[in-house]
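**Q** Single-letter residue listing:
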Amino acid sequence: MANIISDETMEYVGILAKLELSEEEKKQAESDMGRMLDYIDKLNELDTTGVEPMSHVFPVNNVFREDVVVNGDDRENILKNAPGVKEGAFKVPKTVE
Amino acid sequence: MSLMSLTAVELGKKIKAKEVTVKEAVQAAIAQIEASEDELNCYVTVDKEGALKRAEEVQKLIDDGTLTSPLAGVPVAIKDNMCTKDLLTTCSSKILGNFVPTYTAQAVINLEEAGAVILGKTNMDEFAMGSTTETSAYGETKNPWNTNHVPGGSSGGSCAAVAAEECSYALGSDTGGSIRQPSSFCGVTGIKPTYGTVSRYGLIAYGSSLDQIGPVAKDVTDCATILEAIAGYDSKDSTSVKREDYDFTSALVDDVKGLKIGVPKAYFGDGLDKEVKDAVLAAAKVLEEKGAIVEEFDLGLVDYAIPAYYVIAAAEASSNLSRFDGVKYGYRTKDYEGLHNMYKKSRSEGFGPEVKRRIMLGSFVLSSGYYDAYYLKALRTKALIKKEFDKAFEKYDVILGPAAPTTAPKLGDSLSDPIKMYLGDIYTISVNLAGLPGISVPCGVDSKGLPIGLQLIGDCFKEKNIIRAAYAYEQTRTYEGPGKNK
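First to last, the sequence lines map onto chains U and L. Per the numbering used here, residue 1 is the first one in the first sequence, and the count goes up by one each step. Per the numbering used here, residue 1001 is the first one in the second sequence, and the count goes up by one each step.
Just chain L, with the same shape it has in the complex:
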């Protein structure tokens, strides 16, 4: 059995027990990267030398008893929108093609303090704008289950790298489903935590009121362990929340007796693939058989989440991405006349089509004359959506549904029709608008051999409920990697 087929926690145990050295673990990861990366393109940057050097340092700290975390020595991949000191950070954009940060994102620092070894930076949709990882300026990532299909996005590189065992686990970020949807498409597990749980310091901003960093791994135990390592209050992120509770692993119990699970009828209507529907409802049945109370209910306003999201996310993006001006870092156009022309040309040549589309939409909805009709309207809708969830969580501990309406689409099928692509986010997006935690866990494979994801949504700060439900469900299955289907 390869070291890379172990979960992160299993590998961490072997390292702690001196059965495996950190260097052996890192070498195993690099060997797997070298074997499948040409085909899959999960990474924008692989830092082989840095990882091997770091492996020696971490080994010393484990040996002398300084590092005792369950993740000490375990190799990790980081989505390329998190700043890493002295390591290229591109956001999969041409405009940041040569950007080497002078500091590291707090979530990544937290991992390093737990003894993680960074293998490299994973591919993504440019600035996390997309659902397929095809908008990357550095080529698309392919789904390890079937290389004719997309891995999902925007954390497609992170999820594909975990599925292809090119890392033991990864960090992703989720603004509208960017951890949960690609986790679903790649047959891995991913958590989007409650807003404010993981510091956004050093995460290159897309939609700041929606962005959250979260773990991607082979199972729920890994995800809870990683989340525990990266979460924490950070004064450098003004929206960081001081939670009462940063313990997630104590929820890893195989017991859902009495847990109240609501299944929103609107999540199972038109547009949902039959095989996805059957697999998700079968998972609900499993939880019911284990003692959970499962019932259908009406969740309102589901159809309004996507339009509200695109207004809010685009508005925030247009503001956040104004910092890319060809002055302080990144790409600058070669020929220009004066300052404003330099800004315009640098940005127009540096950004890809989807990013430009969202910046323009955002600039429009924030412009005088349209601000009230679009931007404030979307923020009012967000308030109503939040209220719908508040009502639901008065009755239920967990909301259960699909992570995405279909399994992974074919490469090239999504980008031609943006609205159709946006509709694929229908089950994930409202979770970001309401700041809620959500998890995607594998719940089957369709007739094309592509994985299906079950999404469990919890109330704010109630990660434990979804971790407990996901863990109990997971105990009824064995992890299936893409290899078995090849």
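The shape of chain U in the complex, shown without the other chains:
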């Protein structure tokens, strides 16, 4: 395997991905990601010098509209899906000490 994913890298990816893996899951993820990257490295066979990265197949630009509210107030129903609610708002753990 050409791509060795270190514990540190996996730790960093876990922070970016907001995922907490068990030791066992971490080992598996390191090996899976290494194999995937080995496979993805196939792209390096291609010379892409001077090729513009294509994020969209059609030339779409920013789509603007007038800043007018078109939807109604659905607060009550929206909050029904929330795991924690307080005084008509989403309830989260303390964020500032």
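Hints listed in this document are in silico derivations from the structure and should not be mistaken for laboratory results. Every residue gets a Cβ at the ideal spot worked out from N, C-alpha and C, and that includes glycine. The reader is advised that the hints may include incorrect statements.
[To be verified] Label pairs and their computed distance ranges (CB to CB):
| id | chain 1 | residue 1 | chain 2 | residue 2 | range |
| --- | --- | --- | --- | --- | --- |
| 1 | U | 52 | L | 1479 | 42 to 52 Å |
| 2 | U | 11 | L | 1035 | 50 to 60 Å |
| 3 | U | 75 | L | 1268 | 53 to 63 Å |
| 4 | U | 47 | L | 1323 | 35 to 45 Å |
| 5 | U | 74 | L | 1242 | 23 to 33 Å |
Guided by the hints, dock chain L onto chain U, whose structure is given.
**A** Below, chain L alone, put in the same frame as chain U:
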């Protein structure tokens, strides 16, 4: 003959002619669901009460002349990644196990306006990540042709439900082949439209630059009719395209004279099952005999589509799925210390292994130091792949090949080796990268009794070419459901 063995358009005609009531149609669907659902698990949620109530409303609107669409009163199943107001929408994930949307996806609204009756929500790979429907948090769906085999994925529940006649037709979504591959495995017909044709508003996003909603049905006529109902410009989807033409049914003509069909040599190389190859080439021959001009050609970069796709799809997934944080909706872990720990634990407990694998890969390829080498490299490769197709469509109206390299694998055989599973998407994935329309139509059954799918690919906005070719081919066959092989 059961009402459920009719195509959607046939059933719609009977309803319009008052030979069948909407309630009878819905009851027939529910009876079939009750008969085979224990064995197949096509649905995550069946809304029996809602469907029967809606049947009465739709009947009134048909009777008073308000509803005249060919699909009015016909029962449909919706893939569980499309939001449906007041009806559980799980994306086959534990993290959305209790999510009841407050709005409905635009494609589904369009169907409802045509008088569709929603039976329920179909099973899928979790967040549409997978090729077998085995990554669902709500159990695997089984292939109605042989319950030891997978239905394919990720729209496996939709395709199996159509094949098993647990609905008259269904909606699926296709990010890398998720309509065409399971359609192939279940012996039904499915279309992935040109990117931007069907609104993605209310479709729970996986890879936004690749995702498209499309129809799954028993035949090409149904698919073209359904596509006509769901397609349309939508200002709520910023990538929605204002097409000149939303007419698809006028292409339902049995005439391929002069149609230029290219057969890419690279689609028939190593890894393709012999029986699939023979069936697909035999289909090409049929089209040639009907007057199409069929020739082989070299399509470049076929082997680079899968690695480019997995970088792009994983990158977009890692961003799209960051919204699942245990705050606004969905699962929240029971014990946590502080906000960040709550996010991490909720996500780690709520997502399954394949979803985590793709989120991590996506986070990695987007991280500083790797962004250029992986993400931008994949986007440059995508540009080159698009160019290859542009070149091909200068010469051909349609590209013909298999939908998948094999027929449906056995349950449990795919997940152990992710890369092997990803390779199964080789013929479908580049279509998403290039934004093209593609259709899978049944073209035979292998010696194991499992269906084989023919894939026809068109240039952007040229659905009519593939619908015409698929329809002409279909006229040479009769629809085979799984029942005949049981």
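**Q** Would you mind marking each hint as holding or not holding in the structure?
**A** Verification of the hints:
1. Take residue 52(U) and residue 1479(L): their Cβ atoms lie about 45 Å apart, and the range 42 to 52 Å holds.
2. At roughly 51 Å, the beta-carbon separation of residue 11(U) and residue 1035(L) lies within the given 50 to 60 Å, and the hint holds.
3. Checked against the given bound of 53 to 63 Å, the beta carbons of residue 75(U) and residue 1268(L), roughly 57 Å apart, stay inside it.
4. Look at residue 47(U) against residue 1323(L): about 37 Å separates their beta carbons, and that is inside 35 to 45 Å.
5. About 29 Å separates the C-beta atoms of residue 74(U) and residue 1242(L), a value consistent with the hinted range of 23 to 33 Å.
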